[in-house]
Each structure stands twice: as structure tokens, then as C-alpha cells.
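The two chains are supplied separately, each in an independent frame; assemble them into the complex guided by the hints.
Those sequence lines, one after another, are chains A and B.
Take the first sequence: its position 42, counted from the start at 1, is 42 in the working numbering, and no numbers get skipped.
Take the second sequence: its position 231, counted from the start at 1, is 1231 in the working numbering, and no numbers get skipped.
Everything labelled a hint here was simulated from the structure, so no lab data went into it.
Since the model is a prediction, treat every value here as computed from it, not as a measurement.
One or more hints might be untrue.
[Claimed, not checked] Derived BS3-like pairs: lysine-lysine, alpha-carbon spacing no greater than 27 Å straight-line: (1) B/Lys-1261 / A/Lys-105; (2) B/Lys-1106 / B/Lys-1261; (3) B/Lys-1261 / B/Lys-1192; (4) B/Lys-1106 / B/Lys-1192; (5) A/Lys-92 / B/Lys-1192.
[To be verified] Covered by chain A, according to a simulated footprint, are these stretches of chain B (three or more residues, beta-carbon under 8 Å): (6) 1005-1014; (7) 1025-1036; (8) 1103-1109; (9) 1120-1134; (10) 1203-1215; (11) 1228-1240.
Using N, Cα and C, we set each Cβ at its ideal position, and we do this for glycine too.
Single-letter residue listing:
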Amino acid sequence: MTWRRWLQVILLLTPGLGLIVALIGTVVYIAIVQSFGLYNLTGESLLSAEHWAGVLERRAYGRAVRYSLYIGILSALFSVALAYPLALWLRKPFTGSVAVGAILKAPLLVHGLVAAFLFINVIAYHGVLNQFMQWIGLWEGPRRLQNDSNAIGVLILQTWKNMPFALLILTGAVQGISDDVLDAARDLGAGSMARFRKVIAPLTISAMQAALVIIFIGAVADFSFQVIAGPTNRQSMAQLMVFYKDGGRWHDAAVVGVSLMVVALVGSALLAFAARFILSGRRFR
Amino acid sequence: MTRELINRFLIYLLIAVCTLWLIIPFTMAVLWSLVDPAEPWTADKLMPPVVSFYRWHNMWVNSSLKEALLNSYTLAPSAAILTLLLAIPTSFALGRISFPGREVAKVIALLPLVVPPFVTAIFFTSLLFSLGLHAWRFGAILFAHSVLFLPYAIRIMTVSFEQVRQDHIDAARDLSASTIARWRVAYLPALKPGILASLLIVFIQSIEEFAIAFIVGSPNFVTIPTLLFGSLGQDFVRPNAAVLSLILVVPNVILMLFLEKLLRSANPSMSSGKGMA
Chain A
1 MTWRRWLQVI
11 LLLTPGLGLI
21 VALIGTVVYI
31 AIVQSFGLYN
41 LTGESLLSAE
51 HWAGVLERRA
61 YGRAVRYSLY
71 IGILSALFSV
81 ALAYPLALWL
91 RKPFTGSVAV
101 GAILKAPLLV
111 HGLVAAFLFI
121 NVIAYHGVLN
131 QFMQWIGLWE
141 GPRRLQNDSN
151 AIGVLILQTW
161 KNMPFALLIL
171 TGAVQGISDD
181 VLDAARDLGA
191 GSMARFRKVI
201 APLTISAMQA
211 ALVIIFIGAV
221 ADFSFQVIAG
231 PTNRQSMAQL
241 MVFYKDGGRW
251 HDAAVVGVSL
261 MVVALVGSAL
271 LAFAARFILS
281 GRRFR
Chain B
1001 MTRELINRFL
1011 IYLLIAVCTL
1021 WLIIPFTMAV
1031 LWSLVDPAEP
1041 WTADKLMPPV
1051 VSFYRWHNMW
1061 VNSSLKEALL
1071 NSYTLAPSAA
1081 ILTLLLAIPT
1091 SFALGRISFP
1101 GREVAKVIAL
1111 LPLVVPPFVT
1121 AIFFTSLLFS
1131 LGLHAWRFGA
1141 ILFAHSVLFL
1151 PYAIRIMTVS
1161 FEQVRQDHID
1171 AARDLSASTI
1181 ARWRVAYLPA
1191 LKPGILASLL
1201 IVFIQSIEEF
1211 AIAFIVGSPN
1221 FVTIPTLLFG
1231 SLGQDFVRPN
1241 AAVLSLILVV
1251 PNVILMLFLE
1261 KLLRSANPSM
1271 SSGKGMA
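Here chain B stands alone, though its shape is the one from the complex (with noise of 0.2 Å):
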């Protein structure tokens, strides 16, 4: 009973300061998006005076937000596929193949983690430049992504591979399956959550990611973020980056949402259809 009190009173104290820590932050961010230019919201009104989409609207025409919701959701699945194409072999010889060395490769894997964002775009950016690539942003900053965000690929993936199981692979093979039909029926089935995961991971890294989008694409390729940077710089418009982070945050939750579902439901003998031995 007394433990019961104690997790009660815990959960309101909880609740209260998850008002302060994001119910507060996010109806504000709603509210300066909702603010209409003709009456300003200034401090002694307690709500916006008039609300309109008047900023939603302006930003769509007047800024570059068009060019980056097309950079940023162009930029965005590309750097999934191509990541989880060249993730896949690394992945099968890390899940599928014993070999010395196998943990120590793992471990290298994650390497793009370890380094700060901020080096790795100065000094790419430092490549890109000896390399006169420079101009090529897009290219430039897929090619950076897929790798910087190949370690969530590879360690999904690998652990996929693992999950596949010999039965299935060996009664492929005894049913005689050629190679393409024992990948559809054994692999696959087992591989589905993993590749919809690391896709979606990739997916909303690579949305998210500024450092490189930043250092690389500055000043010409915008993407999200680095539109809402510049936003929260010099150029400060409150009700204009409200807007801003609302289309960045939302797509977001819903993705991540959907990525925890996916990887909770992420068990091989499931998507298989077959109980596990």
C-alpha cells in the first residue's frame, strides 16, 4: 500500500513536471505558429490576440522552405536505400560468417558514432574541396550520410542475419531452391523488420542531421534543420521558427512512434509465420 502511495504521488510529481518539461514548450511553439502579424502577441496577453495560418502561409511562399522539404525528403530516402544497400553485405558476413576478427570488425563498425559530427564535416568538407567535389552538395552530402549512418544499418541488419534460421535456409536447399528462391523463402522473411528498421532509422537521421548539412551544403543547399538554425541566428523570427520546428518535430514523433513498433514486433519467428524450435 505504502509503495503504491509513493508511486502515485510519484506519477503526479512526474506529471507535473512533464507539464513544465514539454506540455508547456510545445503548446508555446503552437501558439507563436498561430500568431497573426496584424496584432502582435506581446507580454501581457496570456493567449495570441488573433490566430490565423498567416505564418504557415508566408513561410510556404516567402521562404525557403519549399527547397528544403524537397532537399531534406529527397536527400532523406535516398540515404536510406543507398545506406541500407551497402550496409547488407557487411551485415551477412558479420551475422552469417564465423571469421577472426568478427567482434573487432563490430566494433569498427561504430566508428562514425564515436567521432564528433563537427570534425567529420569540416575535414570531409576539407576532402571535398582537394577534390574539387565541392559544388557537388547533394551528392556530397548522400554520400556522407550513408556513411555516417551505416553503423545503425549494420547493426540492425547483422542482427537479422543472425536471426535467420539454418532450418529454413537447409530445407530451402533440400527442396531444392536455387539461390534467389532460398534468399525469398528463408532470408527475407526473417529480414523484413530489419530492413524496414534501418530504413526508417536512416530515414529520420538523416532528416534530423545538421552538422553536415550545415558544413557542406552552407550557403546554397538548405535542408530542415539548417533552415531552423539560421532561423534562431540573426535572422530571429519567433512565430517563423515555430513554424519551422513544428515541421520538423512532428513527421518525426510519427516516424519514431512507428520505428519502436516495428522493432518491438521485430521477432523472426513471426515475420516467418513459424513458431521457433
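Only chain A is shown next, with the shape it has when bound in the complex (with noise of 0.2 Å):
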């Protein structure tokens, strides 16, 4: 290429791609030296460790990173175990079938805000829940569903909301798995199981770990759904960040930032990993 075609390339690259660059270049690069004492927006900058010292020795923050994984890792498995015997089923079209992807797919047209209202709704004091299971005698009165302190009222909104999403995906995958493939793993002999484990799993692991990942990532840095159905006794580290953030504290907010960003980076790689180990049957490829 001569030089004249490559500066053709970066200037037309430069609004769209460069713009990214210097946006998400910046915040993460504020986010690093912030951490480490510097861009102080109240007073004198000043290069230490300290801010992370102080924020890795609070109870809260080891609780919150742990609460955030339970939350991303579970979320991401549970929402990836639900979509694929839907998937498989929805692989080859049947009468109704365009009907019950569409349905299982509408809660990703609903905002996760509303969501949580509609679940909150549902699960209230006096909600629907509450009344039916009284009214089947399985409960004497009323329960407190609400922010419960296994966060089951989070995890449940992150699969609703991201179950359809893994469908998606994964039904792409397994439809694009040839019949003739699936035919001869039957012809030699291949149970149910065997084919999912011997085929169609290995042939559909990209698309599952691509699901993961995204999944994990949004459900790691939960902050919404943690404020409205979450446990009051636990932090969620964008909580905790935000909470730090309102009380003027940049710097610990910077540090569980930066934290978060790794955990989301190493804990997904460590998923799609932990994945493809396993459904390749114990052989790195």
C-alpha cells in the first residue's frame, strides 16, 4: 500500500475507530492512575499504592468481588444450560416453532430496569406469587421474597434477561451442524448423549463460549439489578464503586473499577476456558 492509500485509511478510520480509541483509551487510563493516587480531582496527585492497600483490606470489597462472580459466573452458566436444550429442540423447524422462538426470545426487547419492576411486582409481599402459594396451602402466609440474601432474586432476572440472548447465539451454532454429521454419529451408534457430547458440543463450543463471555461480563458488573432485587447486606463491585464515587472517594472507586475491568477480562477467559476443557472432552485443542 502506498502512503497516500494508508492516510486515506486513517483519516477515514479516525472519526469512528479513533474515537473509540481515545474514549475508552482514556477512561481506562484514568481509571489505572487514579488508582494509583494520581488525577486527583480535589487536591494534589500524588503516585502511591495506598488507595489499593486500604481498598483490598476492607471487608467489603473482598465480599463484593465474590458476590460479583457468584453472580456473573451463575448467571452465565445458568442462562447457557437453559438455552441449549432449547436451542437443540429449535433446531429443525416445526409447525409452531417461528412462534416459540419469538416468544422465548421477547425479553430481550424489555429494559432490565423494567424487568426488575416486573419481577419485584411479582414476587412482593403481597404479589401474586405469595397469594398463589397460600392459595395451593404450600405456604401459611405471606413470605419476604424481596432482596433475599442468596440474591436468587438476581440471579433469576439475569437468566430471564439473558437466556434469549444465549439462544440466540447458540441456535445459529447448532443449526448450522449438517444433518449428514448427526446421521453417521447415529449410524455408528451414537446415543442422545453421545452426539451432544461427541458432536454437536465440540462444533458449537465457540458460539457457547462467545455466550458466556458476554453474558458473564454484563452480569459481573450488575448494578441495577443488585440496587432494586439484591441482597441489602452485600455490594455488587459496581455498587460498591458507585457508592465510593458519590462519597468523593475517586481514587477507591477507581481501584474497584480497575479491579472489576480485570476481573471481567480473566474471569472470562477463565469461562471459556473452563468450557472448551471441558466439553472437548478433557483435550486442549
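Right under this line is the structure:
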């Protein structure tokens, strides 16, 4: 390529790609340097690891990391585990399959905050779920279900919102497997489980990894579901970061922010690696 | 026959699950939005005793709903247009010019989707503070939305540019069409579905975006999601939250369905009125 052609490409990339790199690069840079005491908004900047040491020894930080990982990993696993059988079921078209697919993907159209409102409406103290359980005689009185300490509400919300996304990705991958391959496996005596383990899973592993990673990153950084439906005695990492920022503790917020990015990056890599390790029959490729 | 039976059973099961999953929650939201304050909807009553549009009217008159609607519906089309304008040159380069590192550039364009939104929001605010631009909320959110949603527009427009047929461009050039005329007759028909899809997807994303609007905009600048979030917190009034939820979700569902239809019809051969070679 000539230098003129290069110049043309750079000029064309600048307004789009250039802005993305500039904004995201600046944001990540500010988070990192602020976590080390620089870029002070209210006083003198001083390079130190004091903020890291301070935040890392707080129990709230450790709890937030563990809690965010718990939500991120379980949300990704539940969403994918529910989506896989549904994707396999919808692999071949049948009467009503388009309608079924549309219904299953409907939560994609619903905003997360609306989903949270709908959910707390259903599980409210005098909500429809409590009334139903009392009506069938399983519960004697209403129970407090919102903000449960195991964050089951948050996990249900995350799965509700993310399962359709996993389904969207996995349906495409599963439909890409040709009938010939599956017929050959069947002719060689492979049962349903063996066909899944030895044919379908290895051929759809990339799609599954993509679904796991994208859902994990979203769920590990969750703020709104946690604030509305999550346990009140624990904070997610995003919530802790906002809490520090609202108190004007920008450097502490930066420590949590950088940690969140690292957790998202390392966690998604490990999740993708573990999925390949398990589904490819413990063989590395 | 057995497979048909299994499918039928699974469909009935799915309908039952979806009733729990979708129909009951949305019906509850609609009913709550219609509860008249004169007679509260208590646990012993299956349906609201008195229904009216009082809550809708009350929210319209006495809350920040008008302001939030104005902000959201000014921000979203502005972000959609700005994002598209920023995405077109990059998409042209990625879709029509072969250069070393093109695939890497396509991956880098996805960066805003990988960084957690609250991290971007908080440290973007930090940047605004240091530049002294934190009071310029509308502009700041518009800029952030435009950059954050660039990956969607770049991705869609890159595919659209890739689908522009070279023989159409060559034919226009052979007929001595000017640069503008070539764009009009060869590029635009193939790009039209992509342009509409990009505008629509960024519009929807911007209407729904919460983290940036919440962190950068608070406390003075409200959008529909930030108003809804506020109404779900300490000022939780169920019927008011139901009104806001429906205001947020209904237009978006319609737009999303339109978008899906648009993306399905995004076939350059159809849009250019010519068959594929």
C-alpha cells in the first residue's frame, strides 16, 4: 500500500475507530492512574499504592468481588444451560417453532429496569406468587422474597434477561450443524447424549464460549438488578464503585473499577477456557 | 408421530412457562398502572376495585416525566444521527478497502462493548470534571452515547458496504457518473437498509441506556430509565413505576419488531432492485 492509501485509511478510521480508542483508552487510563493516586480531582496528585492497600484490606471489597463473581458465573451458566436444550429443540423447524422462538426471545426486548420492576411486582409480599402459594396451601402466610440473601432474585432476573441472548447465539450455531454429520454419528451407534457430547458440543463450542463470556461480563458488572432486587447486606462491585464515587472517593472507586475490569477479563477467559476444557473431552486444541 | 407428540407437549409446557414468564408480569404492570388512588388494590382483591387513568395523568402533570421524555427522545435521535455520521467513514474503510490489520481494527471497534458500562460512566465523568465540562450534561451524554454505540453502527454499515456490488460502481463509472451520482445510484440503494437499521438500533440503545445517563446526568438531567430507577428506589410507588415501565417498554418493543423486519429485508439485491450475479 502506498503512503497516500495509508493516509486515506487513517483519515477514514479516525472519526469512528479513532474516537472509540480515544474515549475507551482515556477512560481505562484515568481509572488506572486514579487508582494509584494520580489525576486527583480535589487535591494534589501523589503516586502511591495506598488506595489499593486501603481498599484491598476492606471486607466490603472482598465480599463485593466474591458476590460479583457468584452472580456473573451462575448467571452465565444458568442462561447457557437453559438455552442449549431449547436451541437443540428449535434446530429443525416444526409447526409453531417460529412462534416458540419469538416468545422465548421476547425478554430481549424488555429493558432490564422494567424486568426488575415486573419481577418485584410478582414476588412482592402481597404479590401474586405469595398469594398463589398460600392459595394452594404450600405456605401458611406471605413470605418476604425481595432482596433475598442468596441473591436468587438477581439470578432469576439475570437468567430471564440473558437466556434469550444465549439462545440467539446457540440456535445459529446448532442450526449450522449438517444433518449428515448427526446421521453419521447415529449410524455409528451414538445415542442422544453421545451425539451431544461428541458432535454437537465440540461443533458449537465457540458460540457457547461467546455466550458465556458476553453474559458473564454483563452480569459481573451488574448494578441495577442488584440495587433493586439484590441482598441489602452485600454490594456488587459496580455498586461499591458508585458508592465510593458518590462519597467523593474517586481513587477508591478507581481501585474497584480497575479490579472490575480485571475480574471481567480474567473471569471471562477462565470461563471460556473451562468450557472448552470440559466440552472438548478434556483435550486441548 | 412421537416427535410430533413431544413437540406438542413441549409447546404447551412452554406456553405455561411463558404465561408465568411474560403474560402475568405484564398484566400485573398494566393493572397496577390503572389502580385508582380512591380505592387501593389490596391483597384480598383479585382485581383493582376501581380503575382509571389517574396515575397516567398524575405522572404526566406532577412528575419529571415530560422532561424525561423530552430528554430521551431528543437524545436518542441525535445520538443515532451522530453515530451514523461517525461510523460511515470507518465502515467504508473496513468494508471496501483491503489493508493490513483490517480484522484487528474490526475487533478494536468492539471495545466499548467489553468495558463494563459503569466503569466507562464513572471515569468518563472524571474526565468531564477535569476538563470542566461536567455541567454540559446533554452534550456529554450525547457524545458518550454516540461513541459507545459506534460498534453497532460500524458493524452494520461495514456489512452494508461489503455488499455494495463492484459491477454497479463500475457501470456507473463507465457511464461517466460523477462521484455523487455514483454514491446515489450504486452505494445508496445497497446501504439504505443498513442506514435505517443503524439509526434504529442506536436509537433504541440510547433510549434504554442507563449507566451514563445516571452517572453523568444525575441529579438534574433525567431520562426515562433514570426516572424509572428513581421510582424503584426509596420513592417506590408501585402504580407510578408501572406507568413508567410501560412508557419505556411499549415503544421499544414496537421499534425492535420493526428493526427485526428491517434486518431480515436487508438484502442488497432487493434494495437495489437487481438480482445477484
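Do the hints match the structure? See the list:
no. : hint                    : in the structure
1   : B/Lys-1261 / A/Lys-105  : holds, 15 Å
2   : B/Lys-1106 / B/Lys-1261 : holds, 26 Å
3   : B/Lys-1261 / B/Lys-1192 : holds, 14 Å
4   : B/Lys-1106 / B/Lys-1192 : holds, 22 Å
5   : A/Lys-92 / B/Lys-1192   : violated, 32 Å
6   : 1005-1014               : holds (count 4)
7   : 1025-1036               : holds (count 5)
8   : 1103-1109               : holds (count 3)
9   : 1120-1134               : holds (count 9)
10  : 1203-1215               : holds (count 4)
11  : 1228-1240               : holds (count 5)
Hint compliance for this structure: hint 5 alone is broken.
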